[in-house]
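For the record, the sequence lines run as chains E and F. With full-length UniProt numbering applied, the first sequence has no gaps in its numbers, which climb one by one up to 417 at the end. With full-length UniProt numbering applied, the second sequence has no gaps in its numbers, which climb one by one up to 417 at the end.
Just so you know, not all the hints are guaranteed correct.
Because identical chains share one entry, a pair is satisfied inside a single copy or across any pair of copies.
To be verified - Below, in silico cross-link-like pairs of lysine-lysine (DSS-like), each with a Cα-Cα straight-line distance of 30 Å or less:
(1) K228 <-> K366
(2) K362 <-> K259
(3) K362 <-> K378
(4) K228 <-> K372
(5) K259 <-> K372
Just so you know, the hints here were simulated from the structure itself, not pulled from any lab data.
Listed here are the chains, written in short residue letters.
Number of protein chains: 2
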Amino acid sequence: MRHTSFVKAICCIALIKYLGLLDAAPLIPLLLSLILTSDIDLCLEALVVVSWNVSCRDARIARCIRAEVNLTISHTVAPVGSPEAVFKDRAKSLSRCVMSLVLARAELTGAARHKNLLGCHLHICSENNFPTGAGLASSAAGYACLVFTLAKLVGLEGDISGIARLGSGSACRSVLGGFVHWHKGSSPTGCDSVATQMVPASHWPELRIVILVVNSKQKMMGSSLGMKRTVETSELLRYRIAESVPSRINSIEEAIREKNFRKFGELTMKDSNQFHAVCVDSFPPLFYMNDASHAIVNFVHMYNGTDVQVAYTFDAGSNACLFVLEENLSNLLATISYVFPPGNDSVEYLRGMPVTIPHVDKSDLKLGMEPKEAGLLKHLIVTRLGTGPQVVEDHLLTTAGDPKHLARETTLGTPWV
Amino acid sequence: MRHTSFVKAICCIALIKYLGLLDAAPLIPLLLSLILTSDIDLCLEALVVVSWNVSCRDARIARCIRAEVNLTISHTVAPVGSPEAVFKDRAKSLSRCVMSLVLARAELTGAARHKNLLGCHLHICSENNFPTGAGLASSAAGYACLVFTLAKLVGLEGDISGIARLGSGSACRSVLGGFVHWHKGSSPTGCDSVATQMVPASHWPELRIVILVVNSKQKMMGSSLGMKRTVETSELLRYRIAESVPSRINSIEEAIREKNFRKFGELTMKDSNQFHAVCVDSFPPLFYMNDASHAIVNFVHMYNGTDVQVAYTFDAGSNACLFVLEENLSNLLATISYVFPPGNDSVEYLRGMPVTIPHVDKSDLKLGMEPKEAGLLKHLIVTRLGTGPQVVEDHLLTTAGDPKHLARETTLGTPWV
Chain E
1 MRHTSFVKAI
11 CCIALIKYLG
21 LLDAAPLIPL
31 LLSLILTSDI
41 DLCLEALVVV
51 SWNVSCRDAR
61 IARCIRAEVN
71 LTISHTVAPV
81 GSPEAVFKDR
91 AKSLSRCVMS
101 LVLARAELTG
111 AARHKNLLGC
121 HLHICSENNF
131 PTGAGLASSA
141 AGYACLVFTL
151 AKLVGLEGDI
161 SGIARLGSGS
171 ACRSVLGGFV
181 HWHKGSSPTG
191 CDSVATQMVP
201 ASHWPELRIV
211 ILVVNSKQKM
221 MGSSLGMKRT
231 VETSELLRYR
241 IAESVPSRIN
251 SIEEAIREKN
261 FRKFGELTMK
271 DSNQFHAVCV
281 DSFPPLFYMN
291 DASHAIVNFV
301 HMYNGTDVQV
311 AYTFDAGSNA
321 CLFVLEENLS
331 NLLATISYVF
341 PPGNDSVEYL
351 RGMPVTIPHV
361 DKSDLKLGME
371 PKEAGLLKHL
381 IVTRLGTGPQ
391 VVEDHLLTTA
401 GDPKHLARET
411 TLGTPWV
Chain F
1 MRHTSFVKAI
11 CCIALIKYLG
21 LLDAAPLIPL
31 LLSLILTSDI
41 DLCLEALVVV
51 SWNVSCRDAR
61 IARCIRAEVN
71 LTISHTVAPV
81 GSPEAVFKDR
91 AKSLSRCVMS
101 LVLARAELTG
111 AARHKNLLGC
121 HLHICSENNF
131 PTGAGLASSA
141 AGYACLVFTL
151 AKLVGLEGDI
161 SGIARLGSGS
171 ACRSVLGGFV
181 HWHKGSSPTG
191 CDSVATQMVP
201 ASHWPELRIV
211 ILVVNSKQKM
221 MGSSLGMKRT
231 VETSELLRYR
241 IAESVPSRIN
251 SIEEAIREKN
261 FRKFGELTMK
271 DSNQFHAVCV
281 DSFPPLFYMN
291 DASHAIVNFV
301 HMYNGTDVQV
311 AYTFDAGSNA
321 CLFVLEENLS
331 NLLATISYVF
341 PPGNDSVEYL
351 RGMPVTIPHV
361 DKSDLKLGME
371 PKEAGLLKHL
381 IVTRLGTGPQ
391 VVEDHLLTTA
401 GDPKHLARET
411 TLGTPWV
């Protein structure tokens, strides 16, 4: 007897960034944060195969688990501050932890199938088609995917964002679509620190997201470890929590409801900058943005002039997420392609949604916009607001529980559907 | 009749950074700041030749003035916010402005020689032996030098830091040696915003300064324009002014008086980081530090481990100033030379004070300290606390008023005296 489920999860991009976790064990944000979810073309895929009565499948399980570990190894999924030894064997404890949570929750809600799962073997395979450990919330998408899949398996209905949060703080945001709130909650256990949808993706269908993946040799610090350091050492964070974020959350909500791109863009950029400011104010300082990121920021401000046609945000990494309205997308992409020419090894420079790009030459550009050195960007991914995790038909594991491709090629070049 | 004066001025390095000018016209800092001055080996040289009864020397004057402009053109010396047109012809207005101030002050204090100067021609020649426009306060050193020289010319004695401030905000600090306070003052005209010496250079003779000049193609925004933007747009600056700086000033003063290097170093690094944090929080954000600067910061923290043997500070540029005690200098330099190998075009990689450097190889280094790509740093300059501007014997102009070398070679390679 075998049960399979396959889910594509979404990547989420913080607009007003939650920086800082209140407490270690239950991952609760210091702040309410507002998140935009991007569509499934920027996705993480997970398959869980649960097999019964199969003895001695250890070798295979180890292989499958390894695939999952590949995703999360660059992130700190262990509760911050807990003894490291406990989470040394991360893969197993992870599976146990999340699974037991799902089982507990299923029992609580009287879900039908959980009892059949006791004592079973879990084959987990996870792949993602965007860079991990690069501040694009891959671990969040991974956990959201895993929890969503497990919930489907155990027949758990309803809100699973609280469970997802226990795996990776921001994972609770990835289980929903559109614009999402991550609430701080008031319970010390974190049980009310959940995500809720502010507006669905259909509210602003014209909004486009362009991810600029930069070429970087730099090793990044995992975002959870970084956040811990910032909470402990940044003096400026106190001001950010007390003053800046609360007023910005209100303003950006208003901007989203009104679909006021100028206001939305300016607040998003300012909050991204302030997030990185408190990272720099940490001790030792955290530098997530690099020279390529700085070049993108300067490009956006030069492109905009006194208007706001495009806005940037950077999570805990050097890659940029740009926001732009559909009507301005093709001109933006054309200008980016001119100013940031691809390197020699850039195949499929432009990925995601297909866009017709007009020809741009120097005379179309603003004064001072010169092409940068080739290859500063690895590639661009065009996407739009996400609609949340979805069960899809494709599988990552064979019906025997073996991974189909341990190192599958990226699927980002495939046409948008 | 001819009068000449030649002065070497000092470069100053802000420890607790004053960021933000209260008002445009009289350059008054928003904050009291504490500055360390470095010795004259990191110097700016200026010569003023005043010639009488010389008709039609325009061509020569133009050449001399041009040399002076070369120094200041990359800086905003015009009062921030004033109509740009007024300062279009920067060289002339500059000379006039500073000269008239010196004359006025001389008149006020009854200095003897000022009347002889009326209607004379000024030949000004200025050279510096460290990078301009790179956040090493070259314009401050330049103005300090010019004002000090002019004061000598007109026979003005006593405090000239208030006059120097009118040229470049931080120039008032460069006219003194040792550790210097720049006071905010309370007068709206800025007349009491002057610099005073906290302790002379002789207080901490063991302190060494290592300037790491990074290879950078990046164009920097002038520090005055940048500060204006930060004051106008950074929300975090308010917290910095109200909370962080006042307490840090007290603590670092204590650390300096006690010669407590650990405390001194930690505060210096934290304040540098916070300064750059509020720069990043500006809108559009200001990125003075680049990938090379980040590599230096990470290097220092790795080198220190749990101790503080070396500390960094970055002004409005990508170059680093490191502080270290004499006893640890040679090991630090050896490690830097290993981790940051010189590029092919680096001549005289190590400049300034002569230091015997022990051999270092990989086994001497801490885990994870790998050599970076060659040429990340252009060169290193070793110096110590400065003793203030000094009249020296060498001249930049011939007695006829012509510049000796319009593009003179750097003298930084010459032995320390």
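Checklist entry - Which of the listed hints are not met by the structure? => result When the structure is compared with the hints, numbers 2 and 5 turn out to be violated.
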